[in-house]
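S.K.: Chains as they are written, first to last, in full-length UniProt numbering: chain A, 1 to 348; chain B, 1 to 348; chain C, 1 to 348; chain D, 1 to 348.
Hints should not be assumed to be uniformly reliable.
[What the hints assert, rightly or not] Some chain C residues judged to face chain D by a derived CB distance under 7 angstroms, without partners named:
no.	residue
1	Leu64
2	Ala68
3	Leu154
4	Pro202
5	Asn205
[What the hints assert, rightly or not] To be clear about the criterion: a stretch of chain D counts as covered by chain C if any three or more of its residues have a C-beta under 8 angstroms from a C-beta of chain C, and this derived list gives those stretches:
no.	segment
6	87 to 96
7	205 to 217
8	250 to 264
For the record, the hints were derived by calculation from the structure and aren't laboratory data. Keep in mind it's a predicted model, so treat the numbers as computed, not measured. From the three backbone atoms N, C-alpha and C, an ideal C-beta is built for every residue, glycine too.
4 protein chains.
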Amino acid sequence: MSKTTTGDLRVAVLGVGVMGADHVARLSSRISGAQVVVVNDYVTEKAEQIAAGIDGCRAVVDPLDAIADPDVDAVVLATPGPTHEKQLLACLEHDKSVLCEKPLTTDIETSLAVVKREAELGKRLIQVGFMRRFDHEYARLKALLDGGELGRPLVMHCAHRNPAVPTSFDSAMIVRDSLVHEVDVTRFLFDEEIVSIQIVKPAANPGAPHGLADPQIAIMRTASGKHVDVELFVTTGVAYEVRTEVVAEKGSAMIGLDVGLVRKTAPGIWGGQIAPGFRERFGQAYDTEFQRWVDAVRVGGTTQDYTDGPGAWDGYAAAAVCEAGVASLNSGLPVEVAMVDRASIDGA
Amino acid sequence: MSKTTTGDLRVAVLGVGVMGADHVARLSSRISGAQVVVVNDYVTEKAEQIAAGIDGCRAVVDPLDAIADPDVDAVVLATPGPTHEKQLLACLEHDKSVLCEKPLTTDIETSLAVVKREAELGKRLIQVGFMRRFDHEYARLKALLDGGELGRPLVMHCAHRNPAVPTSFDSAMIVRDSLVHEVDVTRFLFDEEIVSIQIVKPAANPGAPHGLADPQIAIMRTASGKHVDVELFVTTGVAYEVRTEVVAEKGSAMIGLDVGLVRKTAPGIWGGQIAPGFRERFGQAYDTEFQRWVDAVRVGGTTQDYTDGPGAWDGYAAAAVCEAGVASLNSGLPVEVAMVDRASIDGA
Amino acid sequence: MSKTTTGDLRVAVLGVGVMGADHVARLSSRISGAQVVVVNDYVTEKAEQIAAGIDGCRAVVDPLDAIADPDVDAVVLATPGPTHEKQLLACLEHDKSVLCEKPLTTDIETSLAVVKREAELGKRLIQVGFMRRFDHEYARLKALLDGGELGRPLVMHCAHRNPAVPTSFDSAMIVRDSLVHEVDVTRFLFDEEIVSIQIVKPAANPGAPHGLADPQIAIMRTASGKHVDVELFVTTGVAYEVRTEVVAEKGSAMIGLDVGLVRKTAPGIWGGQIAPGFRERFGQAYDTEFQRWVDAVRVGGTTQDYTDGPGAWDGYAAAAVCEAGVASLNSGLPVEVAMVDRASIDGA
Amino acid sequence: MSKTTTGDLRVAVLGVGVMGADHVARLSSRISGAQVVVVNDYVTEKAEQIAAGIDGCRAVVDPLDAIADPDVDAVVLATPGPTHEKQLLACLEHDKSVLCEKPLTTDIETSLAVVKREAELGKRLIQVGFMRRFDHEYARLKALLDGGELGRPLVMHCAHRNPAVPTSFDSAMIVRDSLVHEVDVTRFLFDEEIVSIQIVKPAANPGAPHGLADPQIAIMRTASGKHVDVELFVTTGVAYEVRTEVVAEKGSAMIGLDVGLVRKTAPGIWGGQIAPGFRERFGQAYDTEFQRWVDAVRVGGTTQDYTDGPGAWDGYAAAAVCEAGVASLNSGLPVEVAMVDRASIDGA
């Protein structure tokens with residue numbers, strides 16, 4: 001890879017709320033070879049304030065203008081989900097690589113439309129922000145499974161726990177915003193699609209907001225019959241806990257055990273701290289995700305030129321599983337996942 | 001408790017196969033206050049051989065004679081399940097305390113008959129061999145939950161793995177012989193009944209014998225809506241692994257993590273050994289179970305006079321859940337557990 | 001081993017303070033094949049109270065009468081150290097097996113005298129209460145080392161921490177009462193003598209009683225040049241922590257890591273509990289030590305007939321190392337350990 | 001911090017052997033805001049080859065020319081230790097910030113000369129490459145100690161193990177190249193100087209090269225009486241292991257326990273992998289060290305403007321302790337550390 005002053009990737013970050021502002025800081029201070037040249041937010045003042053702190057960066061009012069801007073090489077989407085479809089299509093139209101925070105779009109029809117449009121271009125421009133694929137531990141687990149030493153995976157157990165969620169969080173968001181990560185992890189680790197899903201609702205946590213079905217247990221089955229269960233619990237009051245265990249023919253492997261500094265204190269307690277939130281747990285994963293994306297785009301590559309970069313199809317597939325998950329949340333019954341045949345798309 | 005030479009509990013051990021022979025050795029060499037005075041087995045030679053090695057012990061051909069023997073104070077049943085009903089009823093008739101290895105009997109009708117007969121006597125004579133209740137870690141978990149510090153339990157995840165099983169093991173035995181322990185653990189830890197069960201069959205382990213549905217996932221719901229899932233996997237090729245995690249309102253707790261001696265060796269590996277079998281994992285639990293049973297019976301107490309000794313009702317309840325489990329194994333659907341009302345029995 | 005009612009080992013327990021009372025309870029309720037028939041204490045009322053609670057047990061005022069009693073088969077010494085010499089010699093005179101809590105005697109001259117007297121009898125009657133040899137983890141570590149898989153041991157690191165000690169505890173007792181266990185562990189694991197010892201005194205814990213040199217670091221060298229360091233810290237305020245790590249040619253191994261039930265609670269803490277005291281940490285070791293001693297003595301065996309039972313020589317060797325340790329505590333310099341040649345004794 | 005294309009820090013990397021080449025890659029592909037514009041090596045071809053792979057980078061034959069180059073803003077020294085003195089003084093003369101891999105210089109006299117020269121300038125330009133200060137775990141340990149929760153530290157135990165070393169490694173290098181890191185860790189964590197050191201030589205590892213005193217045990221004492229012991233073992237054949245435990249008034253804390261992906265495989269083994277080398281163990285620390293250095297230097301700051309950046313004095317102090325360590329290695333006795341009074345320098 002060559003790196004020159006003039007070769008820095010010029011990035012527009014659309015949406016500078018909590019997540020987008022993180023990405024601006026990431027690109028400005030920890031990622032090599034990129035500059036944030038444009039920021040945009042529907043709260044204009046916020047965009048202007050952030051732009052003012054970065055040399056050579058300006059705020060643009062209309063996100064579509066930012067995408068079209070000839071001084072912008074690539075785009076990061078951290079805007080609300082309902083705006084993604086239009087913005088992604090604009091990126092495709094202007095031939096701009098885009099790193100899109102999940103969800104790809106908010107429903108499977110528009111997700112499929114985006115997938116098809118990109119396929120027609122014959123060029124991969126879209127990467128979806130499933131950052132766990134870039135986490136050291138998930139990467140090691142993937143390598144272990146692919147190496148074949150454990151034989152064929154049979155079962156996976158996951159736990160995904162948040163200490164708390166905003167009051168706006170509802171039962172379906174536990175599927176769409178939390179479970180979606182394990183949906184992608186399943187597809188990533190097993191390289192196959194999920195064919196059915198069932199959501200079990202235990203008696204709710206008394207400490208959860210009234211009406212929130214929390215915890216939930218998701219039970220998924222893959223095309224080849226692998227079983228995946230996921231405990232989703234977003235009001236634990238404890239910390240951010242993500243654990244994944246794969247049970248295979250010749251052994252099992254687990255990631256997400258806490259460790260690091262271990263203390264012993266009165267009255268006879270040993271232990272350590274759990275990551276308080278996803279930033280602490282997955283900060284390295286975000287950095288790696290962005291560095292690899294910048295590296296790939298700078299050399300004129302497509303976003304899938306590096307290992308495991310999830311594309312538009314991965315966003316669509318995750319949306320399809322979550323759609324079925326929400327249906328099961330309502331019915332309590334197993335629901336088949338409805339997806340188009342991928343071959344039909346790639347052949348478009 | 002008083003202990004005198006003459007006060008030793010005189011025990012008959014019926015069935016001296018692998019498990020029964022273990023119990024003979026346990027009572028003879030590690031348990032205080034008991035003597036094995038009679039052994040019995042349908043293989044007469046085996047009983048005679050064992051009796052010959054113990055001072056004051058003789059072999060008896062008919063198990064019912066052993067039970068009736070006036071020189072026998074109490075009975076340990078390690079005979080095949082189909083013989084339990086008749087032997088238990090004989091113990092009740094002769095007013096002998098009995099420690100009965102699981103299952104209580106092989107079907108819920110006869111189990112219920114035993115429960116009712118004991119209830120009519122107004123006296124608890126039967127203890128069922130759910131030894132996990134006496135394991136240090138389960139006891140600590142129970143104490144933690146009862147202490148209330150973690151709040152109300154909501155979810156439990158269990159794994160129950162065997163390296164291998166005899167060739168005679170079939171899919172239903174995974175429910176009746178393996179899952180039965182988690183059924184009792186659930187009832188013990190949560191102090192409530194299980195109301196429904198579903199068995200999920202993932203694609204089978206290629207290394208499992210043809211036709212054996214292994215692994216299996218059991219999904220249970222308790223009366224108050226707690227969720228329990230159990231991975232059952234009896235051909236792992238690894239070791240004997242039993243893990244239990246309870247997720248509650250204010251935190252979670254896990255037992256069954258391996259540790260002890262930790263080694264570091266070439267080529268850069270750290271770790272330790274997993275218990276190879278149930279004897280190594282639960283040896284202490286068996287010893288404690290027997291010592292407490294001997295202590296209780298010697299002082300003329302009933303078998304439930306000490307904490308958590310599982311009785312005939314616990315054997316019946318476990319059988320009822322497993323019966324529903326086997327039905328679900330065949331149908332793939334959730335099955336309600338059918339049990340009589342306990343109040344109707346105790347009022348008998 | 002045969003076990004009959006009449007064959008129970010009749011034991012006299014001398015000294016029924018905290019430790020001795022523990023041993024009475026152990027022999028009465030957890031150890032198979034033994035009865036406590038005599039107890040003795042310089043506080044007569046205490047002995048009588050304990051005797052009253054055990055069928056067939058009586059209090060005896062003079063410890064030497066208890067030893068001489070023809071109804072006593074074997075003796076447990078839990079009396080103060082200064083009385084040990086006379087009591088041990090009485091046991092030898094009356095041909096009674098004796099399990100003697102450390103120290104063997106309070107100085108190396110009298111220890112040596114006891115060793116010589118026993119050697120003259122040509123019969124091993126004395127076992128010293130170094131219970132760690134019977135702890136599961138130490139036994140596994142010993143087996144690992146003896147198996148040769150790790151090659152030749154080179155270095156050992158130990159930590160020995162108490163939450164608190166009685167106000168009577170002085171700096172030399174940290175050597176004589178605490179370090180003595182690691183002295184025996186070193187000799188047990190490495191099968192060789194310790195030839196020099198140095199005690200380092202870091203700045204004292206501000207929370208330690210005035211004048212107590214706590215923590216202390218002991219640095220020992222074995223005959224073949226192995227290095228052992230021990231952190232001794234008896235006022236940690238935390239719990240009872242004992243850790244041992246052996247570093248060898250082909251790898252290392254550690255015991256004493258805490259585990260068991262692992263919890264996660266607010267605010268983002270994971271961990272578990274450390275054993276509060278030596279009873280919890282080494283309870284199993286005491287039980288195993290006593291059961292093996294009873295088993296060996298009952299069959300007419302000597303106390304060294306079972307693996308690793310430490311004898312009078314081990315008590316003498318430990319005393320010699322501690323003697324040198326106390327000298328180093330005072331001088332700050334390394335001190336050679338002065339011991340007679342074992343061959344000269346065994347040839348006596 | 002502002003970041004513009006023209007604002008990138010222009011760095012000369014002197015010495016592009018294994019470590020220097022790592023740093024070139026680091027600055028080019030993972031560090032934000034820096035460009036490598038000049039490389040130098042005494043093997044000219046190597047420098048030219050590396051320069052050819054980086055846009056805008058050229059090889060310079062004379063390291064002093066590289067330092068003097070007006071297009072170079074800052075310097076990274078990865079040259080052999082004997083060349084450091086001259087190169088550091090050149091950096092000071094040309095007012096260039098320099099990140100110097102350890103050692104500062106190869107003897108304490110020249111180290112002190114460099115410290116004095118920098119002090120005369122009244123400006124901190126030199127940072128020494130003690131990268132452990134930037135490791136997440138050490139940083140957390142430092143924060144824990146500084147927070148006061150554990151009270152005053154009393155004792156520290158360290159282990160520093162390498163699987164193997166080059167055949168050129170001699171006994172003194174174990175002190176100068178390996179122990180030097182724990183010397184800096186001690187000074188960093190405790191904020192005080194080391195006043196004496198003793199090297200203990202156990203019987204050597206039979207697998208170590210003939211004549212190499214390996215393992216070694218270093219015993220250090222700080223000004224306030226804290227005790228530090230370090231096991232140094234560079235031919236373990238296992239992996240790269242670094243462990244640090246601080247024992248304090250109110251508790252203890254340990255870092256360096258291995259974890260991550262935990263596997264269970266036949267025959268009943270659980271465990272994971274240990275980092276094979278320092279790159280895997282401390283890669284994040286090097287990245288953080290470089291990013292903070294670049295950030296500080298770019299805004300015109302001195303190298304000590306960010307937390308814990310070790311300066312020339314830290315290099316001198318480490319050299320003084322190692323000098324005493326080598327003396328003790330030869331004599332076997334404790335050696336006092338001879339250092340000038342820091343106040344005398346800062347007042348220069």
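S.K.: Against this structure, judge whether each hint is valid.
M.R.: Hint check results:
The criterion of a C-beta within 7 angstroms of any C-beta in chain D is not met by Leu64 of chain C, whose closest approach is roughly 46 angstroms, and the hint is violated. Hint status for Ala68 of chain C relative to chain D: violated, with the closest Cβ pair at about 49 angstroms, above 7 angstroms. Evaluation of the Leu154 of chain C hint against chain D yields a held restraint, the C-beta minimum of about 6 angstroms falling below 7 angstroms. The interface hint given for Pro202 of chain C is met, as the beta carbon of that residue sits about 4 angstroms from the closest beta carbon of chain D, less than 7 angstroms.
A hinted interface residue such as Asn205 of chain C counts as satisfied when its beta carbon comes closer than 7 angstroms to some beta carbon of chain D; here the least separation is about 6 angstroms, so the hint holds. Taking a C-beta to C-beta cut-off of 8 angstroms, the segment 87 to 96 of chain D contributes 0 residues in contact with chain C, too few for the three needed, and the coverage statement is violated. Coverage of the segment 205 to 217 of chain D by chain C holds. Counting CB-CB distances below 8 angstroms, 5 residues qualify, and the rule asks for three or more. For the segment 250 to 264 of chain D, the proposed coverage by chain C is satisfied: 3 residues have a C-beta within less than 8 angstroms of a C-beta in that chain, meeting the threshold of three.
In this structure, the earlier hints numbered 1, 2, 6 are contradicted, and the remaining ones agree with it.
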